[in-house]
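Here the protein sequences come in this chain order: A and B.
First residue of the first sequence: 1, per the working numbering; consecutive thereafter.
First residue of the second sequence: 1, per the working numbering; consecutive thereafter.
In case anyone wonders, no lab produced these hints; they're calculated from the structure.
Yeah, the Cβ is synthetic: ideal placement off N, Cα and C, and Gly gets one too.
From the structure, some residues in chain A lie toward chain B, with a derived Cβ separation under 8 Å: (1) ALA22; (2) VAL207; (3) THR209.
List time: in silico SDA-like cross-link candidates among lysine to any residue, alpha-carbon distance up to 25 Å: (4) LYS214/A <-> GLY136/B; (5) LYS199/A <-> GLU12/B; (6) LYS126/A <-> GLU234/A; (7) LYS199/A <-> LEU211/A; (8) LYS199/A <-> ASP42/B; (9) LYS199/A <-> PRO90/B; (10) LYS158/B <-> MET146/B; (11) LYS15/B <-> PRO200/A.
As a plain string of letters, each chain reads:
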Amino acid sequence: MIKLMKGNEALAEAAIRVGADAYFGYPITPQSEVLEYLAREAEQRTGMVVLQAESEVASINMVYGAAGTGKKVWTSSSSPGISLMQEGISYIASAELPCLIVNVQRGGPGLGTIQPAQSDYFQTVKGGGHGDYKLIVLAPATVQEMSDFVKLSFELAFKYRNPVMILTDGALGQMMEKVEFFEQQERTTEKLDWATVGKPEDREHNVITSLHIKPDKMEEINIHLQKKYSTITENEIRYEEIMCDDAEYIITAFGLVARICTKAAEIAREKGIKVGVFRPISLFPFPYEQIKLHTANIKGILDVEMNAGQMIEDVKLAVEGKVPVEFHGRMGGIVPTPDEILEALENYIAGGKL
Amino acid sequence: MSVEMIETKVFERPKSLIDTEMHYCPGCGHGVAHRLITEVIDEMGIQEETIGVAPVGCSVFAYNYIDVDFSEAAHGRASAVATGIKRVLPEKYVFSYQGDGDLAAIGTGETIHTCNRGENILIIFINNGIYGMTGGQMAPTTLPKMKSTTSPFGRDTKSMGYPLKITELIAALPGTYYVTRQSVHKPLNVRRAKKAIQKGFEYQKLNKGTCFVEIVSNCPSNWKMTPVESNQWMDKHMLDYYPLGDIKAPNLKEA
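Excised from the complex, chain A in its bound form (with noise of 0.2 Å):
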């Protein structure tokens, strides 16, 4: 079934259809049509537990709750309000319980602005939350892919009792594109060993926790915890490769930037400069192999973020110093355009930086 729909809606109605059991949510701009759309559409099409909490601090705790029994459970917010939420997906990655947490990003800091943003880049792929864990992070561009992200999204995080958290931003939350719908999935529960559902005889009492008291116990958890990190660096990096193979400079961006960045590489091309987008899809795990690959046939990379610079860190560390990598960003809710991402290119190459 393909449609015309807004971002905000496509997340929920994927969530509908791979047959989440609940949702838990706060209203903020500009994420709303979440839970209005839940509201409309969900319990009376699968019986999805659609709950606005009292706040986001309450609803993150109703996830790490409904998580627990191992049912599909998800929430969205946007920055301040995933600030917010902080403590509770410290417990969550802890206690490595299964869900999906959506950030339609706006500006910041602070309250900010309404307007999009990438600018917590840094809160989500970097910690956030206290202690060393880590969120598998998934950066969709398009609306299709707001649809597509949800159904991997919660296949990943079964597959590695982890939570997963989609970054996408305001605008598109809010632009309506062409999306085509996988099929409606059943609500189906299987058993897990470790999910908190009424003890029968026959098993020892499951508890959720992220309370370990002992050091040593407490490192044991820390490593298990590493270990499963590792493995899902091994097995879930992903990106995407646009006009890559013969580029000389090479654009990083991720969300709906690199599509604005793509553009910018296509009018460089029509003046002559071999211009090609790098955009990693997983934030974390975060390709650095795949961008250093590049760097022997490039001569430098512009980052490009709706930050003040936060993901330029990673891509600095993926090319180990083997070529500059130089930085246009725009902030406080405004979105760059090609014309400007291009120009910038070509004050940087004009200026021997690049």
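Given the coordinates of chain A, assemble chain B onto it according to the supplied hints.
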């Protein structure tokens, strides 16, 4: 001559109370409250259908003692966690077990809204007027003039506010079905508290709203009293401010 032996069992460990040493201080009310919960679970035969939620505070390890599936919540969020569980498993019995700091300070928002939504869960609220786990700081329920490590000269209501009667607040919400205040410091009170806990579980099947059982309790270690003194002090001072009895009881004919 033959001697006939008749054995009558007068006391035993409830099946769902795990046979292990508790970390609670001698004389603390938590042990009694845990026992009552497990007695009720056993008598109702609902061990397989019950999911508990533990708080942050002295009872953070409640799951080490009560043998049902358990979720350990972040500080203050037990009723939100319980909401999440109950919403996806509406047929199960779900209870949270929370102290005064957890339920009536950091978790006030979750407590009020869980009860206001009328979640069909049982909230067991242990009120001993002090933060036990962290070493005796002032709680939202600390009495006026009562000393704690953060009110060393006694709680001054002018600057520190008044003890919060959250149970009375809860009772005013249409989402609650049964709201009661009990204690476990005397045999009679223990029996009444058990009855209240039992109702709290049984009423979940009616889907009529939240059941809320406060248990006024003691903290001999942080009150710096012997167990006996602490119970006497509780009786004399705490129960004055927090009177025992049902605050909101269902009309059972209607039920």
